[in-house]
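As given, the protein sequences belong to chains A, B and C, one line each in that order.
First residue of the first sequence: 0, per numbering that gives the first Met the number 0; consecutive thereafter.
First residue of the second sequence: 0, per numbering that gives the first Met the number 0; consecutive thereafter.
First residue of the third sequence: 0, per numbering that gives the first Met the number 0; consecutive thereafter.
Because the hints were derived from the structure by calculation, they are not lab data.
Glycine residues also receive a C-beta, built at the ideal position from the N, C-alpha and C atoms.
Among the clues, some could well be false.
Computed footprint of chain B on chain C, listed as stretches where at least three residues anywhere in the stretch have a Cβ under 8 Å from a Cβ of chain B [stated by the list, open to error]:
| id | region |
| --- | --- |
| 1 | 71-81 |
| 2 | 85-99 |
| 3 | 148-160 |
Taking CB as the label site, the calculated pair distances span [unchecked claim]:
| id | chain 1 | residue 1 | chain 2 | residue 2 | range |
| --- | --- | --- | --- | --- | --- |
| 4 | A | L81 | B | Q272 | 41 to 49 Å |
| 5 | B | L305 | A | S261 | 47 to 55 Å |
| 6 | B | N38 | C | A92 | 40 to 48 Å |
| 7 | C | P230 | A | R167 | 42 to 50 Å |
| 8 | B | R11 | C | T140 | 23 to 31 Å |
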Amino acid sequence: MERFIDLSLSAIMLAGLYATMAYGLGLIYGVLRVVNLAHGGVIMAGAYLGWVLFERWGIDPYLALPLVIVASFGLGILMYRLLVRHLPRGPAGGPASLLLLFGTWLVLRNVAYLLFTGNDQSIRTSYSTASVPFLGTYVSVNRLAVLGVAVILPILLQLLLKKTYTGRAIRAVAQNADSCTLVGVDVERIYALTFGIGTALAGVAGLLSATIFSFNPGFGSGELLKSFVVVVLGGLGSILGVGLAAFILAVVEVFAILVLPSYLTSAVGFVMLVLVLVLRPGGLFGHRVLG
Amino acid sequence: MSAATPALVPLRVAAGFVVGVALLAVAPWILDFTPYSHNLVTLAFLLISGAVAWNWMGGFLGQVSFGHAALFGMGGFVSARLLLSGPVPAPLAWLVGGLVAGVFSLGAHPALRLRGPYFSIATIGLGESVRLIFTYWEDFTGGSSGLSLPIDPDMKHQLYWWGLGLAAIVVGMSWLMRHSTFGLQLLAIKADVDAAGDVGVSATFYQDLVFVLSGAVVGVSGGLYASYFSFIEPNDMFGFDRSIAFVLMTVIGGVGTILGPVLGAIVFVLLRQYLLASYPDLYLGLYGTLLIFIILFEPLGLAGLLGRLARLARSWRAPAAEGGTP
Amino acid sequence: MTAPLLSVRALSKSFGGLRALDAVDLELAAGEILGVIGPNGAGKTTLFSLIAGSLQPTSGQVHFEGRPVTGRAAHRLVRGGIVRTHQIVRPFANLTVLENVTVAALHGNRRADVPARYRAPRVLDFVGLADRAGQFPGLLTLAGRKRLELARALATIPRVLLLDEVIAGVNPTEAVALAALVRRIRDELGTSIIMIEHVMPAVMSLSDRVLVLDHGRKIAQGTPAEVVRDPGVIEAYLGTSTEATAP
């Protein structure tokens with residue numbers, strides 16, 4: 000029973016993390032129709048940024064959050080302005096955008112490798128091992144904090160999309176970019192902003208992951224695939240859909256430990272990805288874009 | 000030019016092809032290759048075959064696969080197992096490896112009806128699943144310690160011509176595909192899969208067929224590769240980096256063209272041998288940067304660049320000729 | 000009475016809660032041109048997608064030459080002899096005009112006597128694009144691309160041709176020429192045609208019979224003269240007197 004509660008709690012925490020990553024990927028796809036293959040690279044970059052801030056300047060990862068958000072937002076704007084903007088739009092841009100962003104990911108990985116070598120790192124704070132009693136077991140304080148951030152952030156984002164002018168413009172562009180141009184929305188600016196917000200979420204997800212898992216420059220490929228699973232499964236209709244999909248993935252992953260030999264548990268995400276794609280092919284994100 | 004004319008091979012193309020292959024076949028004697036360059040060219044032939052086969056899928060059909068290592072590894076391990084099992088002639092083992100890989104590619108059938116990014120990401124998932132399964136299937140792949148084949152210097156020497164033969168066949172197939180009604184249908188599917196269906200082209204059938212062909216060729220090249228290195232290890236053979244290599248070679252050379260993957264594979268081998276031996280830390284970033292520049296500035300890669308240069312040369316000569324005859 | 004070439008029984012399609020097509024019946028005789036008209040969103044294109052196999056019907060049947068073909072995939076129906084065109088033309092941009100038609104000529108009717116590579120130039124000639132064979136579709140005018148769309152469909156040697164607004168959107172001169180081309184397809188090739196069209200003069204003069212859809216239902220059917228007098232049709236197009244004043 001304790002084990003069950005333990006696993007459930009890890010599943011909930013993981014779900015929060017997955018939802019944050021997936022929301023960034025899904026937002027960019029929903030608005031720009033581009034799958035950001037560099038998503039994993041940005042997650043990795045966020046992890047390293049948090050690590051540097053903590054190791055060099057002793058800035059607590061949770062205090063570093065705003066810094067990481069700003070930095071990864073800037074990285075996203077840069078990626079959009081320098082690269083993504085120049086791609087052909089529409090179906091012709093499909094393979095091109097995949098390859099371009101894939102190249103970006105390789106560059107990010109290489110930069111991280113040059114700066115930090117390939118060694119595994121992690122952020123170990125004074126409270127990393129602290130835990131509080133809960134239903135007969137113990138919950139890590141850090142994991143609770145991760146969950147807190149992962150819950151608050153998407154909600155803030157949803158408020159931004161629903162209540163502000165910019166947010167409404169983003170949703171309108173997702174529906175129909177051409178009409179937005181006609182009514183005077185600066186679509187280029189919206190694209191850049193959206194890309195920035197998407198990568199900012201990836202950066203945050205990276206920072207949060209870094210407080211729990213160890214990472215190296217190759218970190219992020221599994222995270223990209225998991226984000227994709229969540230987006231495909233949950234659609235872009237609502238925060239709830241994404242949250243639920245993230246929870247399903249996390250539960251399947253965590254409880255696979257009970258039934259599968261340990262070496263196969265890492266394949267669970269991949270198999271789920273393929274199943275989800277095959278069972279829900281076609282306009283997977285398309286129908287209810289940011290409704 | 001027109002693919003609608005009967006697919007007879009023009010004499011000039013056929014003659015050029017035969018002469019080129021013949022020259023390469025006698026090159027080791029004429030150029031007096033050192034064992035090092037002999038092996039290097041052999042490796043290039045193996046990679047050319049893989050890149051050209053990847054291009055059928057990624058270039059002609061427009062389905063970018065990030066999972067071809069699964070097929071490469073399959074071909075490699077099946078033929079290695081056969082070679083270890085008894086006195087099996089190597090070419091037979093390679094062929095069987097290719098056939099198994101071809102059949103194995105049908106496992107991706109459900110993913111083949113996905114288009115664009117969905118397909119690509121599904122192939123990442125499939126490829127990684129296959130890698131994990133085979134890495135832990137020690138009875139077959141030897142796990143992380145891999146499989147060692149008996150080292151046979153004669154075989155390694157001969158692989159030059161086997162590799163050349165495979166590359167020649169595959170490049171020839173590529174030309175025929177591109178210049179036949181078969182290739183036309185692949186390009187139609189690439190342009191608009193629904194419209195292709197509306198005029199009677201069965202996208203599912205062609206994608207399956209091309210994927211099997213591509214998988215079989217990549218499988219054969221995996222088998223040759225196993226014989227070439229005499230040692231294979233699942234994390235390398237099935238690894239994501241190997242899948243990426245197919246993508247990189249083809250995109251650098253020119254996706255969707257016939258010569259592109261050939262050029263790309265050559266550049267890939269040269270970069271890896273000369274430049275990256277001195278700067279191993281820059282290997283990923285260099286390829287990433289190349290990829291970015293090619294996508295932004297010359298989507299047809301080196302083949303497109305050469306085409307551009309040729310046109311430039313012609314336009315330089317043409318006005319000069321006019322000016323010369325008043 | 001001879002059996003119809005194509006018959007559609009109680010064909011329906013729902014998208015979620017929306018009933019896009021509601022129990023529509025129609026019959027098409029050999030050599031007939033049937034016009035399909037109706038306001039935007041009446042379900043015309045959905046009807047085509049269901050017959051041509053691009054969409055699966057929720058219920059109902061389609062029979063072609065007396066055999067059930069309901070829900071069969073588009074590329075298989077093309078081989079049987081049913082082909083459609085699209086309102087928004089979709090040429091293969093990376094292929095030349097001739098190659099576009101060649102792809103289509105490779106499939107389609109198995110009874111074809113002429114090999115594909117010879118058939119394609121003939122079809123281009125028939126639709127008046129022979130001099131554009133080597134160009135890429137991007138260089139054609141809209142009317143040219145509509146002709147290409149027709150040529151691609153004709154290259155499959157269809158018995159039933161479903162034309163989705165092949166005339167709408169081009170200038171009046173070209174509209175007349177395209178209408179004449181549609182008539183020649185029926186008269187010279189003997190192809191039966193169902194055409195969705197907004198250009199009323201064209202559809203009224205070309206059609207033997209006209210079917211009117213509104214909100215997914217068939218509200219009238221008959222000769223063009225009968226249909227224009229039908230009160231239900233007039234109401235569907237003009238709205239009731241109170242609605243007619245609404246913007």
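Hint check:
1. 71-81: holds (count 6)
2. 85-99: holds (count 11)
3. 148-160: holds (count 4)
4. A:L81 / B:Q272: 41 to 49 Å: Violated, since L81 (chain A) and Q272 (chain B) (Cβ atoms, about 31 Å apart) do not stay within the stated range.
5. B:L305 / A:S261: 47 to 55 Å: About 51 Å separates the Cβ atoms of L305 (chain B) and S261 (chain A), which means 47 to 55 Å holds.
6. B:N38 / C:A92: 40 to 48 Å: 44 Å, holds
7. C:P230 / A:R167: 42 to 50 Å: Holds - the Cβ-Cβ distance for P230 (chain C) and R167 (chain A), about 44 Å, lies within 42 to 50 Å.
8. B:R11 / C:T140: 23 to 31 Å: 36 Å, violated
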